[in-house]
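Protein chains in written order, with the working numbering: chain V, 1126 to 1576; chain U, 1126 to 1576.
Be a bit skeptical, because a hint or two may be false.
Note that identical chains are pooled: a pair holds if it fits in a single copy or bridges any two copies.
List time: in silico EDC-like cross-link candidates among lysine to aspartate or glutamate, alpha-carbon distance up to 20 Å [to be verified]: (1) LYS1336 with ASP1468; (2) LYS1208 with ASP1195; (3) LYS1212 with ASP1195; (4) LYS1576 with GLU1548; (5) LYS1431 with ASP1468; (6) LYS1292 with GLU1378; (7) LYS1132 with GLU1475; (8) LYS1208 with GLU1219; (9) LYS1212 with GLU1202; (10) LYS1411 with ASP1332; (11) LYS1377 with GLU1408; (12) LYS1261 with GLU1157; (13) LYS1208 with ASP1225; (14) LYS1456 with ASP1421; (15) LYS1527 with GLU1348; (16) LYS1212 with GLU1565.
These aren't lab readings, by the way, just hints derived from the structure by calculation. Treat the numbers as computed from the prediction; the structure is a model and nothing was measured.
Protein chains: 2
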Amino acid sequence: MKPSLAKGTRDFTAKEVINRRAIINTLQKNFELFGFQPLETPSFENLSTLTGKYGEEGDRLIFKILNSGDYASKTNEQDWQAKNSQKLISQISEKALRYDLTVPFARFVAMNHGQLVFPFKRYQIQPVWRADRPQKGRFREFYQCDADVVGSESLWQEVDLVQLYLKSFSDLKIPVTIHLNNRKILSGLAQYAGITDQLIDFTVALDKLDKIGQDGVVKELLEKNISQESISKLDFLFTLSESALENVLLLKEKFEGNDIGTQGVEELEFVLMQCLDLGISSENLKFDITLARGLDYYTGAIFEVKANGVAMGSIGGGGRYDNLTEVFGVKNIPGIGISFGLDRIYLVMEELRLFTDSAENAVQYLFANYGEKESAAALKIVAQLRANGIAAELYPEAAKLKKQFAYAEKKGIPNLVFYGEEEIEAGNITVKNLLNGEQETITLSAFLELK
Amino acid sequence: MKPSLAKGTRDFTAKEVINRRAIINTLQKNFELFGFQPLETPSFENLSTLTGKYGEEGDRLIFKILNSGDYASKTNEQDWQAKNSQKLISQISEKALRYDLTVPFARFVAMNHGQLVFPFKRYQIQPVWRADRPQKGRFREFYQCDADVVGSESLWQEVDLVQLYLKSFSDLKIPVTIHLNNRKILSGLAQYAGITDQLIDFTVALDKLDKIGQDGVVKELLEKNISQESISKLDFLFTLSESALENVLLLKEKFEGNDIGTQGVEELEFVLMQCLDLGISSENLKFDITLARGLDYYTGAIFEVKANGVAMGSIGGGGRYDNLTEVFGVKNIPGIGISFGLDRIYLVMEELRLFTDSAENAVQYLFANYGEKESAAALKIVAQLRANGIAAELYPEAAKLKKQFAYAEKKGIPNLVFYGEEEIEAGNITVKNLLNGEQETITLSAFLELK
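Chain V on its own, in the form it takes in the complex:
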């Protein structure tokens, strides 16, 4: 009887909705300033569209929707008798909730590529669902905010997306550093050290440099059977300069004759140089050779955004990929995308006290209710205020004034308006400011003129 929220989900009350909306509106505005157009895809897709795209673990975390009607009768008898939950999934479920925004976007592009104008720039801000074990800060329903350009390999996109990140976070007043790397540099390093087959082991260890230090990384590499000789060749990674451009020069040297590495460094150099030329401070843009997110997917630039001075994981990330839609049978659609982490951005803004007590759309005036006749007169003023874009309401019952007061206070309404028999007859209106306690009686026409 007593109801509860489903595990891992949240209600968002007024303040939260309004704060989240402020973030979303800022992202939306910037996406559009940069030429991205909105797309919304359905909450559920055919199960076959989603399965096999996120690895085995991902497949498990997709929420499947049970078929309607007599689903049991349509199953394979043997699987049913064996109670084979795994095999029965596709027999009793043909739909599933969106797990991310990328696969639905790929599905959309694959279905419509004949009609789209390339390069196609879309943004998408929608919830996704994952059957993860709920934890502090991890929910089963959360928003993703993605911007992707597909159909162009131009490195100007990388430059543009760095700017999009910086402008958006600047508008949100969050100081950030963008970490930049390139998948090809990581491949080049693996090749340089003769550990091409162990690229993942290598990058997973290197990624922990911040946390476990040089000794820890070396220890982990040895545990993964990477030879001391290979590790020695990579020793220079532990003594890199603070200057991105110095590191670029050093890598260029190391990568002589190493095509993939050289290409990676040159790409990174182009993006760095163009960003600096655009006036972006080198303090906001860090060449981070340990950055290895999305390595199974990204093929060029890799981005990650961190809020300066706040202990929080990344609040954004993205990268370049070779083919968005190959899995749906449409080839040669390369692209690059970035994502903003709404929940973490929210937490950062809370920590930095960046949310204003956004009273903008909140009720400014509560008209006290003195009974039918006065209420009818009050509602006319209320209607005029609303027509002028000022939120106002009449307390619905002729309750004791104390109760009406309490309502205004609890709802955070700053002004209580008395428009009783006396005021109406005199053509006046009395406004009590609940913030400073001041009360003033002025003529109705003066009151309305001010609005």
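Once you have looked at the hints, place chain U on chain V.
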């Protein structure tokens, strides 16, 4: 391999997202002007929260989410062997997609009523999901836009909601008529005719008056075994006046000694009179005694909104109910709510050509790409435009101008900007207006000053 949309779902492309957003923003703004605060509830609820709230047919139409893991092992052996799809649902599914916004709202109020300020006014604009058979104009995922006030029985809420409807539709530029009735009047009529037990049969038939006429209604009533004598007593319904107030007087007469009927007429009279007093035209507000929506739920006022001059069902509806949360064990929370039908409003606005070619957030300037050096210079101008809130982009590749042209045209970008070597050296910029073909070269500073 070839992907498709799940049945009954839609992708919304840029134009549709922007148009829908325009409607939603208008509703949102008005909800807030009227003192409603936003609420967002999760997309899925515990299955037990939803089942039993929408009747048997409704229960069938709820999308259930399959449990993760080895769901089959946790079922009742007998039900499994019998392949009893119905009984197994609650054993293999503990979550379900939101079917409407009312039950999640009730769940929220029941969980939080101790902390809420009553009367509690919330609005909610979110998608809902129904496993209906997809048809033209009927989708499995669609938005509901609801505003409810709970914790007050004041009839001023009815008056306020009529105004909210009229102001919102006036802002959307859709001319509407609000149809108004009262459940108590219908009960009173049934009592007056001695057919209290057949209230539903009676109202279902009466509701069709528009379509099947007086003869049709009478025929249906007879088929439902309503006596000729009862029907005769209701004959006056077929010759009601066009004037709402005349009908109110007539009903008051008929309802002498009929408490429920009298109360219904008096409530309706109050709402009508107050609305007229507020300057609402009687043409926009119709007392429609045939209106019987939500009869199993509504207990007082019943609303329905129709767009004038457009052949479309109702684009909004609502009514008063006695208890929102009783089903969750919390009593005495009466309320009233209205709903806006987003999809139908969209269709009406399309038919009435009310959508502007909202270029507001669309890209205004496409900078032609002449190569690296020019692009770097162009991006600086692009950044300045964006900083001034003007959407602009650089074509990402130094492709043939014809191709760049085509991109601008297809994307509906009105201005193509040439900022080549010559212009850069001379401090000029050339802008070609693609709408009228005019091309102009001006100084860069003049161009930027205009922005």
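- Message: If you test the structure against every hint from before, which numbers come out violated?
- Response: Hint check: 1, 6, 7, 11, 12, 13, 15 and 16 fail, others pass.
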